[in-house]
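In order, the protein sequences belong to chains R and A.
Quick note on my numbering: the first sequence kicks off at 53 and runs consecutively.
Quick note on my numbering: the second sequence kicks off at 5 and runs consecutively.
Treat the hints with caution; some may be incorrect.
[Said to hold, decoys possible] Partial selection, computed: residues in chain R whose CB lies under 10 Å from chain A: (1) Gly195; (2) Gly349; (3) Ser357; (4) Ile451; (5) Val453.
Simulated from the structure, these hints should not be mistaken for laboratory data.
Ideal Cβ positions, reconstructed from N, Cα and C, are used throughout, including at glycine.
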Amino acid sequence: MFKTILHLAYKNAFLRRSRAILLIVMIGVSMAIMITLEGLYDGMTVHMIEKTKRSDSGDISLFAKKYRIEGDIRFHINDADKKVSKLKNLTGVKEALWRIESSGLVQTARKSRPAKLIGIDLQAEEQFGKFSDFLQEGSLDFGKNGIFIGNELAKKLGVHLHSKLIFSMQDSKHQLQSVAFRIKAIIHTTNVSLDPQGLYIAREKLNQLLSLEKNSATQIALMSKHTDDAGLQKRIQQEFPNLNVQSFTELYPQLKETEQIFKKFNQISFFIVMSVIFVGILGVMYVSILDRVREFGILLSIGYSYRYIRLQVLFEAVVLGLLGYILGALLGWAFLEYLKNYGLDFRLFSDGLSMFGLDSTLYATIKTAYFSSTFIAIIVASMLSVILPLRKIKILKPIEVIRSIG
Amino acid sequence: MIELKSVDKYFYKSQEREVHALRDINLTIQEGEFSVITGPSGCGKTTLLNTIGVLDTIDNGEIYLQNREIANLSSKEKTEIRLKEIGFVFQAYNLIPVLNVEENIGFIMRLQGYSQDTIKARVREIASLLQIEKQLGALPNFLSGGQQQRVAVARAVASKPKIILADEPTANLDSKNSTALMEMMHELNKKEGITILFSSHDDYVIKNARRTILLNDGEIIES
Numbered sequence: 053m054f055k056t057i058l059h060l061a062y063k064n065a066f067l068r069r070s071r072a073i074l075l076i077v078m079i080g081v082s083m084a085i086m087i088t089l090e091g092l093y094d095g096m097t098v099h100m101i102e103k104t105k106r107s108d109s110g111d112i113s114l115f116a117k118k119y120r121i122e123g124d125i126r127f128h129i130n131d132a133d134k135k136v137s138k139l140k141n142l143t144g145v146k147e148a149l150w151r152i153e154s155s156g157l158v159q160t161a162r163k164s165r166p167a168k169l170i171g172i173d174l175q176a177e178e179q180f181g182k183f184s185d186f187l188q189e190g191s192l193d194f195g196k197n198g199i200f201i202g203n204e205l206a207k208k209l210g211v212h213l214h215s216k217l218i219f220s221m222q223d224s225k226h227q228l229q230s231v232a233f234r235i236k237a238i239i240h241t242t243n244v245s246l247d248p249q250g251l252y253i254a255r256e257k258l259n260q261l262l263s264l265e266k267n268s269a270t271q272i273a274l275m276s277k278h279t280d281d282a283g284l285q286k287r288i289q290q291e292f293p294n295l296n297v298q299s300f301t302e303l304y305p306q307l308k309e310t311e312q313i314f315k316k317f318n319q320i321s322f323f324i325v326m327s328v329i330f331v332g333i334l335g336v337m338y339v340s341i342l343d344r345v346r347e348f349g350i351l352l353s354i355g356y357s358y359r360y361i362r363l364q365v366l367f368e369a370v371v372l373g374l375l376g377y378i379l380g381a382l383l384g385w386a387f388l389e390y391l392k393n394y395g396l397d398f399r400l401f402s403d404g405l406s407m408f409g410l411d412s413t414l415y416a417t418i419k420t421a422y423f424s425s426t427f428i429a430i431i432v433a434s435m436l437s438v439i440l441p442l443r444k445i446k447i448l449k450p451i452e453v454i455r456s457i458g
Numbered sequence: 005m006i007e008l009k010s011v012d013k014y015f016y017k018s019q020e021r022e023v024h025a026l027r028d029i030n031l032t033i034q035e036g037e038f039s040v041i042t043g044p045s046g047c048g049k050t051t052l053l054n055t056i057g058v059l060d061t062i063d064n065g066e067i068y069l070q071n072r073e074i075a076n077l078s079s080k081e082k083t084e085i086r087l088k089e090i091g092f093v094f095q096a097y098n099l100i101p102v103l104n105v106e107e108n109i110g111f112i113m114r115l116q117g118y119s120q121d122t123i124k125a126r127v128r129e130i131a132s133l134l135q136i137e138k139q140l141g142a143l144p145n146f147l148s149g150g151q152q153q154r155v156a157v158a159r160a161v162a163s164k165p166k167i168i169l170a171d172e173p174t175a176n177l178d179s180k181n182s183t184a185l186m187e188m189m190h191e192l193n194k195k196e197g198i199t200i201l202f203s204s205h206d207d208y209v210i211k212n213a214r215r216t217i218l219l220n221d222g223e224i225i226e227s
């Protein structure tokens with residue numbers, strides 16, 4: 053019985069071949085576009101978040117209490133290297149490092165700007181967030197008086213590689229310190245809080261300039277093994293009760309919001325595309341069913357029940373929807389795979405994009421959820437699309453069809 | 005086997021153009037009968053056939069099929085009866101256009117849940133009897149009127165229903181095909197013991213039937 057219904061459904065689904073193919077292509081192309089948009093939106097947020105984590109906060113950051121409020125280096129973490137070692141031994145921690153940071157004023161012969169000087173260890177940064185990825189120009193070697201500068205800050209100051217600049221700050225003893233540096237590298241992290249005001253030197257040197265102990269830090273950052281490890285923050289806080297332990301979302305709430313906005317965009321485009329697909333299948337099924345009222349009347353008159361017709365029409369819609377899904381999944385996967393590897397070049401809009409912390413090349417991500425959610429949505433849309441046309445058949449009396457045929 | 009008691013059927017009931025299509029029909033059809041309902045056009049032949057086949061409803065009376073009252077069943081039960089007890093041969097053939105001849109003939113058997121092998125064997129047997137075995141792979145649209153009518157008969161008899169209702173089966177056939185069809189129906193009636201009830205005003209069909217039921221203006225004049 054089931055086989056017979058399937059057989060009829062399959063034959064009828066392709067009775068009007070060009071109509072069926074057009075519907076399949078429409079579903080496939082719409083779905084591929086939607087999946088690509090989803091992947092791009094997600095890719096944008098994932099890259100934005102990932103780069104911010106790698107260049108600054110990690111998944112969790114630790115600060116001396118009051119440091120985040122006062123911003124004064126008097127509130128620093130002592131013996132940072134020991135604390136980092138301890139953190140690295142905690143379950144769930146993948147990588148950890150410490151940094152020292154001081155606010156001050158950067159000057160050139162013509163311009164000056166408020167900036168922050170960050171003391172880093174290149175080897176630790178490389179392990180933590182592959183710092184070399186952020187190198188835009190120059191080489192990652194501080195040398196004697198070398199300094200790295202955020203690309204946006206370099207632009208604002210009008211400086212280039214090998215340009216000289218002076219950084220002035222207050223040390224821990226409230227003495228003014230001014231040091232001259234030569235730019236060795238231009239850094240582009242896409243982190244909106246670093247690129248326009250970040251300067252990097254070796255962390256031992258900065259501690260020395262700030263008259264602090266060798267292992268003093270203003271921030272300890274760590275990467276967790278599993279994202280969304282809510283328990284990890286709690287455990288670290290218990291381990292270091294005198295420090296302020298903050299998650300990425302607490303440190304960068306605006307990025308979380310951006311992620312939410314993109315999710316909303318995704319949901320909206322998902323809804324629009326699914327509505328289009330739904331209307332497409334509905335239209336085709338409606339016409340197809342109305343075209344075959346005579347056939348359904350004949351079937352009913354020889355003992356084929358309405359239940360079987362419902363199942364048959366449902367199969368027809370699902371077969372078309374599924375074929376459209378397969379085409380859409382293949383196209384979408386191909387687009388995403390390309391965009392994941394080669395990206396979408398938006399160099400023309402690089403300034404605008406960098407304002408939002410985005411690279412000029414946008415990369416996509418691929419998630420199984422794109423395919424599973426569209427699969428469910430297309431099956432549901434296919435099933436819903438036959439409800440209305442089936443109502444026509446439900447009220448159909450076979451005798452009326454037989455009479456009309458003569 | 006079939007018994008109609010005081011059956012009335014109206015079209016456009018209680019309207020100005022009301023038609024009393026069947027008037028107080030009392031009729032009994034015995035098992036194995038080969039009967040024809042005849043009468044002038046519009047006398048109610050098709051309507052009578054359709055009410056017996058529970059395709060159409062009645063306004064008064066009772067219809068029994070093997071002592072079971074069938075006129076007041078739900079549409080689901082009526083569909084079940086049409087599937088399992090009755091074979092229809094329509095004037096306009098009413099074959100399923102997307103299925104080939106073999107699939108059309110075996111369709112009702114498939115719905116009844118017969119095995120693939122049984123269906124195949126039965127389809128071959130009937131096709132051979134009706135001389136359409138060469139057309140088994142063809143779609144109905146590619147067949148002549150006579151061939152389509154034979155496929156319709158084959159579909160109706162394949163599942164061995166208790167009764168076959170045939171509405172003017174020779175109306176669209178030439179005399180040669182009409183003769184052939186009647187011979188086949190006789191053979192099926194004899195071989196398979198199927199009760200056959202025609203509606204027709206074809207003289208040849210009337211002459212060949214064992215019983216003639218004459219209708220006029222919705223009433224049985226002679227039975």
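Against the structure, the hints come out as follows:
| no. | hint | in the structure |
| --- | --- | --- |
| 1 | Gly195 | violated, 81 Å |
| 2 | Gly349 | holds, 8 Å |
| 3 | Ser357 | holds, 5 Å |
| 4 | Ile451 | holds, 5 Å |
| 5 | Val453 | holds, 9 Å |
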